[in-house]
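A.B. asks: Sequence:
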Amino acid sequence: MAERRSKIVMGQIDYSNVWPVFHHFPIEAFRGSVDIVRKIPAELNRDMREGRVDVGPMSSFAYGESYSEYLLLPGLSVSSFGPVRSILFFYKKGLEEAMNGRIALTTASATSVALLKIIIEKFYGRRPDYRFVSPSLHDMMKDNDGALLIGDDAIRASWEDHGFGVLDLGAAWKELTGYPMTFAVWGIRRDAAERHGELVAEIHSAFLESKRKGTSDTSGIILTAMDKIGGTWEYWERYFAGLRHDFDERDQAGLREYFRLAAEMKLLKDEPPLLFWQ
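Sequential numbering from 12 applies to the sequence shown in our numbering.
Be aware that a few hints might be false.
[As the list claims (entries may be wrong)] List of simulated lysine-lysine pairs, DSS-like, C-alpha gap at most 25 angstroms:
| no. | residue 1 | residue 2 |
| --- | --- | --- |
| 1 | Lys239 | Lys128 |
| 2 | Lys239 | Lys50 |
| 3 | Lys153 | Lys103 |
| 4 | Lys103 | Lys133 |
| 5 | Lys185 | Lys153 |
| 6 | Lys153 | Lys104 |
| 7 | Lys128 | Lys103 |
| 8 | Lys128 | Lys153 |
| 9 | Lys133 | Lys280 |
| 10 | Lys128 | Lys185 |
Because the hints were derived from the structure by calculation, they are not lab data.
All chains, full assembly: derive it from the sequences and hints.
C.D. replies: Okay, structure coming up:
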């Protein structure tokens with residue numbers, strides 16, 4: 012049960028893939044009415060579910076688990092139609108051999124874990140032994156045949172001379188289904204939407220305008236990424252160009268297919284509808 016608050020608490024994922032939406036968000040304009048909490052996806056998912064965070068990006072899988080508690084903010088997501096470059100499965104030896112072995116899963120996000128299971132079990136017909144391990148590539152690969160990393164941890168690991176094979180889950184999903192993959196959506200708790208309808212409208216409009224600015228000119232975001240994470244201008248230009256943040260009809264169709272398969276595999280209790288805030 013969410014506590015009743017005079018302010019809205021907004022979550023912000025601490026990964027670069029949301030920067031095109033957040034970079035120009037006018038937080039000063041909401042001073043006094045909005046508090047921001049910055050955490051990894053798994054922690055924000057938990058805080059949204061338990062009512063400590065009201066609105067913000069959340070793992071698509073977390074929405075699917077508790078969709079009756081949320082509404083989706085239209086026009087906002089973290090999606091890709093092809094390589095996403097930050098949701099990566101690293102493997103020793105051959106890919107299918109690794110899929111039959113021991114796989115270390117990141118503790119940071121539920122969406123990518125379920126996506127990997129769908130790809131491995133539904134499309135490749137393999138049944139590996141999964142275990143959750145803290146997100147460090149070399150620690151994960153010590154006693155395992157494969158490892159799933161997401162976000163900036165995956166990006167940094169992809170730059171290393173590690174010698175492992177790499178499967179980009181965004182690219183794999185497109186190849187296997189023909190759909191884009193939506194990794195995160197922007198959701199709001201229903202109780203917060205009812206209490207703060209006018210403020211939610213202002214926040215939604217501010218996010219859409221921030222996204223418009225952030226996706227039309229990524230130069231400032233690229234410089235921030237190079238400063239905070241490293242890498243080259245060319246890498247980040249290609250990275251941000253591969254992301255989609257609109258959550259259009261094609262993205263929604265891809266997410267419905269993901270939910271259908273997750274429910275079919277009993278990863279979700281049922282097939283979640285996409286319920287939008289208006």
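A.B. asks: So, for every hint listed, does it hold in this structure?
C.D. replies: Taking the hints in turn, this is what the structure says about them:
Distance check on the hinted pair: Lys239 and Lys128 sit about 32 angstroms apart at the alpha-carbon level, beyond 25 angstroms; violated. Proposed proximity of Lys239 and Lys50 is supported: the alpha carbons are some 16 angstroms apart, at most 25 angstroms. A C-alpha spacing of about 11 angstroms is found between Lys153 and Lys103, which places the hinted pair at or below 25 angstroms, so the restraint holds. Proposed proximity of Lys103 and Lys133 is supported: the alpha carbons are some 21 angstroms apart, at most 25 angstroms.
Among the hinted pairs, Lys185 with Lys153 is inconsistent with the structure: their alpha-carbon atoms are about 30 angstroms apart, more than 25 angstroms. With a C-alpha separation of about 14 angstroms, the suggested pairing of Lys153 with Lys104 holds against the 25 angstroms cut-off. Under the criterion of a C-alpha separation no larger than 25 angstroms, the hint pairing Lys128 with Lys103 is consistent with the structure, at around 18 angstroms. Pair hint Lys128 plus Lys153 holds up; C-alpha atoms about 21 angstroms apart against a cutoff of 25 angstroms.
Between Lys133 and Lys280, the direct Cα distance comes to roughly 17 angstroms. Compliance with the 25 angstroms bound is thereby established for this hinted pair. For a cut-off of 25 angstroms, the pair hint linking Lys128 to Lys185 stands: about 15 angstroms separates their Cα positions.
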